[in-house]
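Number of protein chains: 2
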Amino acid sequence: MKRILLAAVALASVSFSLSAQDVFEADRARWKETAQNTTPTLHETIVRPVAVVDAVSDPAAFQGWRYEKVGAPDFYDKPFSRINTITLDFGKHYTGYFSFHTKTLTNCMDAPTRFKFMFGEMPGEMNTPLDPWKGGLSRAWMQDETVTLTEMDQWTTIPRRLSFRYLTIELLGTSSGFEFAIDDSCFKAVSSAGENVVPLNPDCPQEIRDIARVSEETLRECMQTSFEDGPKRDHRCWSGDLYLQSLANRYSFRNFDLVKHCLYLFAAYSREDGVLWSNMFDFPTVHPQYGSYCLPYCLIWNSTLLEYLKDTGDYDTARDLWKVARTQTEHALTYVREDGLFDINAHPTWIFIDWRAGLDVNAPMHGAMIFALQQTYELATMLGCTDEVKEYPALIKKMTKTARKAYYDKERGVFTSGPDSQVSVMSQTWMIKAGVLNQKEAQKAISNALASESTVMPGTPYGTHYLIEAMINAGMYDEARAYLVEYWGGMVRKGADTFWEAYDPDDDFLSPYGFFPLNSSCHAWSCTPTYFIGKYPEIFQK
Amino acid sequence: MKRILLAAVALASVSFSLSAQDVFEADRARWKETAQNTTPTLHETIVRPVAVVDAVSDPAAFQGWRYEKVGAPDFYDKPFSRINTITLDFGKHYTGYFSFHTKTLTNCMDAPTRFKFMFGEMPGEMNTPLDPWKGGLSRAWMQDETVTLTEMDQWTTIPRRLSFRYLTIELLGTSSGFEFAIDDSCFKAVSSAGENVVPLNPDCPQEIRDIARVSEETLRECMQTSFEDGPKRDHRCWSGDLYLQSLANRYSFRNFDLVKHCLYLFAAYSREDGVLWSNMFDFPTVHPQYGSYCLPYCLIWNSTLLEYLKDTGDYDTARDLWKVARTQTEHALTYVREDGLFDINAHPTWIFIDWRAGLDVNAPMHGAMIFALQQTYELATMLGCTDEVKEYPALIKKMTKTARKAYYDKERGVFTSGPDSQVSVMSQTWMIKAGVLNQKEAQKAISNALASESTVMPGTPYGTHYLIEAMINAGMYDEARAYLVEYWGGMVRKGADTFWEAYDPDDDFLSPYGFFPLNSSCHAWSCTPTYFIGKYPEIFQK
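Chains as they are written, first to last, in my numbering: chain A, 16 to 557; chain B, 16 to 557.
For the record, the hints were derived by calculation from the structure and aren't laboratory data.
Keep in mind that a hint or two might mislead.
As the list claims (entries may be wrong) - Dumping the calculated DSS-like pairs for lysine-lysine here, alpha-carbon to alpha-carbon at most 27 Å:
| id | chain 1 | residue 1 | chain 2 | residue 2 |
| --- | --- | --- | --- | --- |
| 1 | B | K416 | B | K405 |
| 2 | B | K93 | A | K47 |
| 3 | A | K149 | B | K557 |
| 4 | A | K149 | B | K416 |
| 5 | B | K107 | A | K131 |
| 6 | B | K149 | A | K131 |
| 7 | B | K47 | A | K118 |
| 8 | B | K455 | B | K557 |
| 9 | B | K550 | A | K93 |
| 10 | A | K455 | A | K405 |
| 11 | B | K118 | B | K93 |
| 12 | B | K448 | B | K550 |
As the list claims (entries may be wrong) - Simulated restraints, written as ranges between beta carbons of each label pair:
| id | chain 1 | residue 1 | chain 2 | residue 2 | range |
| --- | --- | --- | --- | --- | --- |
| 13 | B | P217 | A | P174 | 40 to 48 Å |
| 14 | A | P552 | B | N122 | 26 to 34 Å |
| 15 | B | D146 | A | P174 | 22 to 30 Å |
To be verified - Simulated coverage check for chain A against chain B, where a stretch passes if three residues somewhere in it have a Cβ under 8 Å from a Cβ of chain B:
| id | segment |
| --- | --- |
| 16 | 269-283 |
| 17 | 440-452 |
All C-beta atoms in this analysis are idealised placements derived from N, C-alpha and C, irrespective of residue type, glycine included.
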């Protein structure tokens with residue numbers, strides 16, 4: 016009966032239109048106000064370059080390039096026409112606004128002066144020709160900005176927010192018979208993170224400290240007016256990343272107001288049927304990416320709310336937003352067949368599990384659904400409203416059985432997925448997260464999957480996060496630590512200041528967008544080592 | 016005795032240093048205030064494109080390119096990603112500020128959008144690749160501006176002032192799965208010219224009307240907060256151009272306050288020894304091009320003051336600035352030898368007569384000096400202070416004799432100049448302007464010079480102006496008219512909206528800067544047909 020009702024709801028939500036009833040009509044104004052009131056103040060820090068560097072083409076370096084320090088940033092009093100091109104190293108990754116001051120040294124400018132400023136996170140990004148453009152996303156994500164000055168002796172600020180460590184300034188044209196200097200430059204770095212308040216154990220090994228530091232820097236840079244995906248690229252809060260950021264935040268900045276802000280952002284601007292959009296922009300005015308709907312990201316929002324409640328004890332918020340959480344599982348259940356199988360084709364939609372070409376999402380999505388039901392039921396339990404979701408325990412049971420039946424290859428000891436019985440790490444991790452296997456089976460599934468060369472591996476730190484988590488769930492503590500040190504530590508050893516959106520230890524040029532300079536090298540979903548290190552000190556900090 | 020004194024003054028001025036006495040110390044504050052108080056208000060007009068055009072490569076067209084109208088500017092409601100690149104024709108030359116508005120059509124921008132805007136005066140300039148840069152002046156004079164938008168649905172104004180007829184907008188990158196339009200654009204055209212108050216005779220022929228119109232447009236566009244050299248390039252007031260502009264202004268806009276403003280600009284900011292800098296910038300704060308000193312331009316300022324007095328009867332201004340005029344001739348006289356020869360090597364300096372490679376300036380400069388003495392003495396006569404320059408008539412006489420002796424080849428009937436006895440049009444024009452020849456001799460000199468293939472011809476409309484004037488002085492009215500119609504009319508026939516900085520009927524690609532797109536195609540010194548047509552209606556308007 017309930018299921019029939021759910022199916023009806025599903026049809027209504029899928030055939031979403033402007034004339035549909037707004038299910039949260041009575042709440043939106045309040046939620047928007049709460050989102051507005053929890054907008055954080057950004058901490059501002061003025062930073063300056065720490066070194067002048069030269070690019071060195073080096074096949075042994077990550078993406079073929081590295082920078083070598085050639086001197087202190089003592090160019091401020093020198094005629095810039097003689098410098099012409101200079102690359103500055105700011106010492107670490109920063110996000111914010113760049114300003115520079117020009118000063119006439121001799122004679123008088125009698126023509127405009129033009130500069131090209133190239134800001135980049137990585138040496139490879141800085142030194143790879145961008146045009147003709149081959150990237151799969153907007154060319155304008157690249158942070159090369161041309162500025163024409165018609166006057167000297169003034170401060171100029173580049174309008175767009177930038178995210179970078181390195182800056183190349185190139186003089187494209189100026190007045191002849193005249194000398195000027197860039198006699199000052201500064202970068203106003205912004206972040207809402209605040210201070211890390213969760214220290215590591217004194218005897219934590221250096222390699223873990225390094226990973227934790229880079230992890231923390233990644234999260235700090237992504238903490239702006241919302242938990243952003245990447246401060247260089249994407250400037251928005253994705254629900255899936257928010258979940259991981261909120262976990263890492265617990266073991267670092269503990270800025271739970273920002274989690275609350277983001278939870279309300281999603282709730283206030285949901286689709287009229289209450290389904291959440293996959294990502295929210297927080298500036299200059301709040302808006303979702305209308306039309307972008309990602310089923311697993313709807314569900315993971317419920318986990319973020321649950322974790323927020325556990326972190327803060329803020330029952331008012333959890334009660335206020337409970338109906339949003341319930342709407343997400345109810346909507347997702349319209350994909351679940353009578354026999355308990357999650358049918359990704361019930362209403363064709365975007366199911367994002369990981370960036371990895373060819374990954375089959377049938378099994379992972381099934382696991383994600385079970386997990387969502389568990390988390391939502393746990394939330395209901397804490398809020399004392401299990402009557403609203405009383406069928407969930409039975410559903411979880413049924414879907415768990417179906418999972419084993421439909422996807423678990425008992426003989427090989429792994430989950431397979433899709434028409435070609437694909438073995439992927441993601442299938443194992445989500446089924447383990449959903450508790451479908453006991454610990455021994457889970458160990459076997461992970462080991463078996465990792466042992467086979469044909470297994471579809473995670474393509475990103477996002478997928479790898481869930482692998483580490485599954486290992487810990489399976490009691491594979493040494494393996495979890497070794498994998499984390501190998502994977503995130505690999506980025507550190509390759510020179511990461513912040514953790515990268517995409518990382519394959521065997522392919523430095525991997526890109527989800529067909530052109531690696533477009534990759535975000537400071538990316539929300541890559542920040543979770545700090546969560547594992549903080550949550551499991553006995554595994555990682557000794 | 017006097018000459019010895021002058022020589023001493025000269026040494027002081029040449030060895031100019033910061034410790035030198037400021038000869039106008041008591042006057043500068045007042046002059047600056049007058050310059051400030053006469054800063055004109057700019058008239059603003061909002062204009063929009065009148066057509067969409069396509070570039071056509073055509074060897075018969077000026078500089079190899081022309082535009083063909085392909086439609087009305089009806090792109091405002093169309094998805095710009097499908098247009099990608101568009102060239103707009105604003106119908107005529109404008110100077111001012113460009114703004115555009117973007118509007119989201121479908122979905123939501125999730126990446127920055129980047130445009131390249133190329134503003135240009137001429138089809139050839141618009142369609143010639145600019146990089147790698149070959150121009151002799153700043154690359155930044157070219158009006159290609161790249162703009163990155165991080166938000167839609169807003170107005171954006173390009174900060175720099177622009178001067179153009181054509182605009183190509185190219186989309187360099189945007190969000191996918193999203194459509195937007197440039198749903199409005201406008202150009203705030205600015206000029207201080209006002210209305211032309213000097214109509215042509217009703218029966219004035221069309222070819223003269225066309226030349227007068229283009230002439231007037233040229234002057235209008237150059238009339239900003241000062242009489243600018245070129246609104247695209249140079250954005251400043253040169254003393255030599257100011258003289259010609261003030262003449263053209265008399266027969267068009269009659270905005271004499273702007274002449275007064277410019278006269279005071281030069282006076283207030285002169286070198287400490289009172290010698291004028293060659294050019295003044297009027298924005299964002301008034302300043303000369305310190306270090307740029309051009310002897311003939313100092314002297315011609317006196318003529319501008321004289322013409323201003325004749326135009327306005329403003330004796331207060333002329334009296335106030337008389338000492339500046341006298342300083343210019345006194346300084347220039349330090350170049351004149353005891354035998355009355357202007358010695359350009361007395362103190363090496365920049366003597367600009369025309370942009371023409373190899374032009375020898377000895378004879379033209381000698382003529383310019385005699386003319387300056389005449390004009391300054393005429394000014395003194397009007398002001399009743401000839402006692403201050405009582406030696407000028409004798410000096411004029413002596414220099415006139417010396418001119419004939421040193422430079423006039425009686426046999427050939429032309430002036431020659433320099434060690435190679437160069438025959439140039441400029442030598443004839445300045446000697447005729449100085450009254451060195453009688454009318455018959457003048458006719459012969461001009462005719463002889465023009466008849467010889469080896470004569471150094473004028474390279475610009477500036478030089479050509481003085482040729483037309485010399486022809487009129489010599490009574491060669493038909494020739495003057497024919498030459499004006501041939502030369503400036505040639506630009507009109509080649510599509511000029513405004514008259515060009517450099518024009519050689521036989522070389523469409525002539526450029527003083529080694530790269531024709533850098534040329535200014537709306538240039539102060541080219542605006543004088545309106546002066547000739549207005550002053551001599553009996554020659555030109557019938």
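Sort out which numbered hints this structure fails and list those numbers smallest first.
-> Hints 2, 3, 4, 5, 9, 10, 13, 14, 16 and 17 are the ones this structure does not satisfy, whereas the remaining hints hold.
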